[in-house]
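Each protein sequence line maps, in turn, to chains F and A.
So this note's numbering is basically just the index in the first sequence, starting at one, shifted up by 1451.
So this note's numbering is basically just the index in the second sequence, starting at one, shifted up by 315.
Hints listed in this document are in silico derivations from the structure and should not be mistaken for laboratory results.
Predicted model, so just to flag it, every value in this text is computed and none were measured.
Wrong hints could be hidden among the right ones.
Partial list, derived from the structure: chain F residues whose beta carbon lies under 8 angstroms from chain A [to be verified]:
(1) 1571
(2) 1602
(3) 1603
(4) 1607
(5) 1611
(6) 1656
(7) 1688
(8) 1690
(9) 1693
(10) 1694
(11) 1719
Glycine included, C-beta positions come from ideal geometry on N, C-alpha and C.
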Amino acid sequence: MTLETSETEKRGWFQRLKAGLTRTSTKITGSITGIFTKKKLDRALLEELEEALIAADMGPATAARLTEALAKDRFDKEITEQEVREVFATEIANILKPVAQPLVLSDREPHVVLVIGVNGSGKTTTIGKLAQNYKRAGKNVMLAAGDTFRAAAVEQLKIWGERAGVKVVAREAGADAAGLAYDALAAAKAEGADLLLIDTAGRLQNKTDLMAELQKIIRVIRKLDPEAPHSTLLVLDATTGQNAHSQVEIFKAMCDVTGLVITKLDGSAKGGVLVALAEKFKLPVHAVGVGETADDLRPFDAEVFAKDLMDV
Amino acid sequence: MFEKLQERLNGVFDKLTRRGALSEADVDEAMREVRVALLEADVALPVVKDFVAKVREGAVGERVVKSVTPGQMVVKLVHDELVKTLSAGEGVEPGLDLNAPAPVPILMVGLQGSGKTTTTAKIAKRLFEQRGKRVLMASLDVRRPAAQQQLAILGEQVGVKTLPIVLGETPVAIAKRAIQMGRLEGFDVVLLDTAGRLAIDEELMSEVAEVHAAAKPHETLLVADAMTGQDAVNVAKAFKERVNVTGIALTRVDGDARGGAALSMRAITGCPIKLIGVGEKMDALEDFHADRISSRILGMGDIVSLVEKAIETTEAEEAERLAKKMQKGEFDMNDLAGQLKQLQKMGGLASIAGMLPGLGKMQKQLEGRVDDKVIRRSLAIISSMTPKERRNPDLIKASRKNRIAKGCGMQVQDVNKLLKQHLEMARMMKQVSKLGQKGLMRSGMAGLMKGGAGGMGGPPPFGGRR
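Just chain F, same shape as in the assembly (with noise of 0.2 angstroms):
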């Protein structure tokens, strides 16, 4: 079972992203389209404009903090369409710009990465592609199926595994989770591998008890390194609205988040809570997931993304 068709297989990275994200910025775009048949930037019309910014799930405070700085120097002066769409892809790609890091990987053996999130957010298909592109990319990946608890998520992993063609620790369901990737961490020890990357069940972040249990789990793997986890990923549903704020504090809090993964970015949803989470918590935006095969996972880029949301 294979979801890569030839098809897909030929279409360049930049045009798929574009197109997933063409999807994105559709309905944004045209809710400024709408605004703009009124020429003359007045209050009402800033108000609208903030509106629509905030129906792409960027929250009130963004949205406000973009309608300024529009209002600044151009308030109650003609301005067109294309002039409001380049002004809020600037100062889009100006939050984003410093969050836009790829994953880099340690020379540590295995730079270990720990992924985390809320249910069904995409933390396993999430591991799936990056361990296909980590592994055409020739590097040694290995897999620990943490998610112990979800019915089938451990078969879900290794069939990812199989098409990644690397390998996968794995235990019966309802085994402990850090157990497992504690072994996990010691059979990719010994065979020298480059890269663990450790699937974890979904969690809300209210359940305290949950949470608990992931710094369990980062507690045993430093008992094999000290540094464990090197990167610890908090994967994002990107049609989640304003609890994704909640989401990064809390993980964040709890297991010392070191970098977002966008996923759904295909949907109708507008992605827009990444600007305010940039904004807010400035952690690195390593990827954002566009499709459902590995190649639809890319590095994130801040001008693409904004240049795109605005259509300019």
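Dock chain A against the given chain F, drawing on the hints supplied.
Then chain A, alone, in the frame of chain F:
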């Protein structure tokens, strides 16, 4: 975030020292804050606009009751509108509708990762355990690795049968096979779990539409994450259009998301929210209650109950004032009019009688004897009287009766009837007041002796409170 709504509203109303009705300007200012607050709770913009317009309409002119601030009053109004919008409407049974020939097909649809498979298993368990149904589950998800296996494992866990997996089968074929098996083996319900799909993925949306056409589900549940943002509108609209969603299952309600998506989806699809997922365990599935979610979206259930209490108290105070007057044996036409108006609203005389000692029997007699039409007619007659006549009904003789009857478009005998009723009531009031004196003594003493043992019987005796 939303906790700040109260602060914000109080800020708006700080300048507002007077009591009385909410003016248009007050409401406008408050509605701006309400809008931002709803947006922060992830209610989608178009839905917010509609909603705010509705609240605004009802809020202008609304009386602010004693002991709450205008800001708190607005919160209450917002809450009430939320409950109204989220409720399934009268006569709609909560939970799933299984009123169709067996096997009843139920289709589960939604975005990737919204919780369809888990919810499917939870529903199966619930139908089997609570309603004694024979349930068959089938996974139509041929895309996500091990998705079919996931449902099979969950089926074993909850003790519900799943359709045997045949590799390489299309979703439509699986659906048909499931319904066939359901029919042949006498299942009551067939739950069809589908692959997650983006609302804009044309290929997959037409696939699910084909499944819908083939399975002809009696219920099609859109499974949606309570954390969903503004996109909820697009998702709901797209699925409603393509597969005629009949209800919504909201998942991860146990998280800390405000759940504004519930409001968006309810408003956009017009479908009731039927079930909510409240945990990872297989029995963590509940019926939806509009008031609970409303308090959560608002994040201020306390204020709502505070205002409700204040309103109750105000009504009780009004009733007490009248009761006091009655005790003195004063009962004129104005009081009767006031009583009739109260009657239109609530228990009226009956509940007042309940506040006086020793009148339990009379309370029962009074109840259910006055219908709305009679009340409206009586009020019309009273309003045709001059103020002087109202204060002193003894003045009303033949010519005055004629005038009053003409004024309200009734007959003289109607006026006579009302006057007679008033007389009877006034006489009764005098009796009551005598009874009350004794009653006061008795229950006042008894009340003192019982000390803290209140709350057992009905309302406290009126006199004992002073």
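For each hint, the structure was consulted:
Checking residue 1571 (chain F) against chain A by beta carbon gives a least distance of about 3 angstroms; that is within 8 angstroms, so the hint holds. For residue 1602 (chain F), the interface hint holds, since its Cβ comes within 8 angstroms of a Cβ in chain A; the closest pair sits about 4 angstroms apart. For residue 1603 (chain F), the suggested interface contact is upheld, since its CB lies about 4 angstroms from the closest CB of chain A, less than 8 angstroms. For the restraint placing residue 1607 (chain F) at the interface with chain A, the shortest Cβ-Cβ distance is roughly 4 angstroms, inside the 8 angstroms limit, so the hint holds.
The restraint placing residue 1611 (chain F) at the interface with chain A holds, with a minimum CB-CB distance near 6 angstroms, inside the 8 angstroms limit. Taking 8 angstroms as the C-beta cut-off, the interface hint given for residue 1656 (chain F) holds, the closest approach to chain A being about 7 angstroms. Taking 8 angstroms as the C-beta contact cut-off toward chain A, the hint placing residue 1688 (chain F) at the interface holds, the least distance being around 6 angstroms. Hint status for residue 1690 (chain F) relative to chain A: holds, with the closest Cβ pair at about 5 angstroms, below 8 angstroms.
At about 5 angstroms, the closest approach between the beta carbon of residue 1693 (chain F) and any beta carbon in chain A falls short of 8 angstroms, and the interface hint on this residue holds. The criterion of a C-beta within 8 angstroms of any C-beta in chain A is met by residue 1694 (chain F), whose closest approach is roughly 4 angstroms, and the hint holds. Hint on residue 1719 (chain F) holds. Least Cβ distance to chain A is approximately 4 angstroms, under the 8 angstroms limit.
Of the numbered hints stated above, none is contradicted by the structure.
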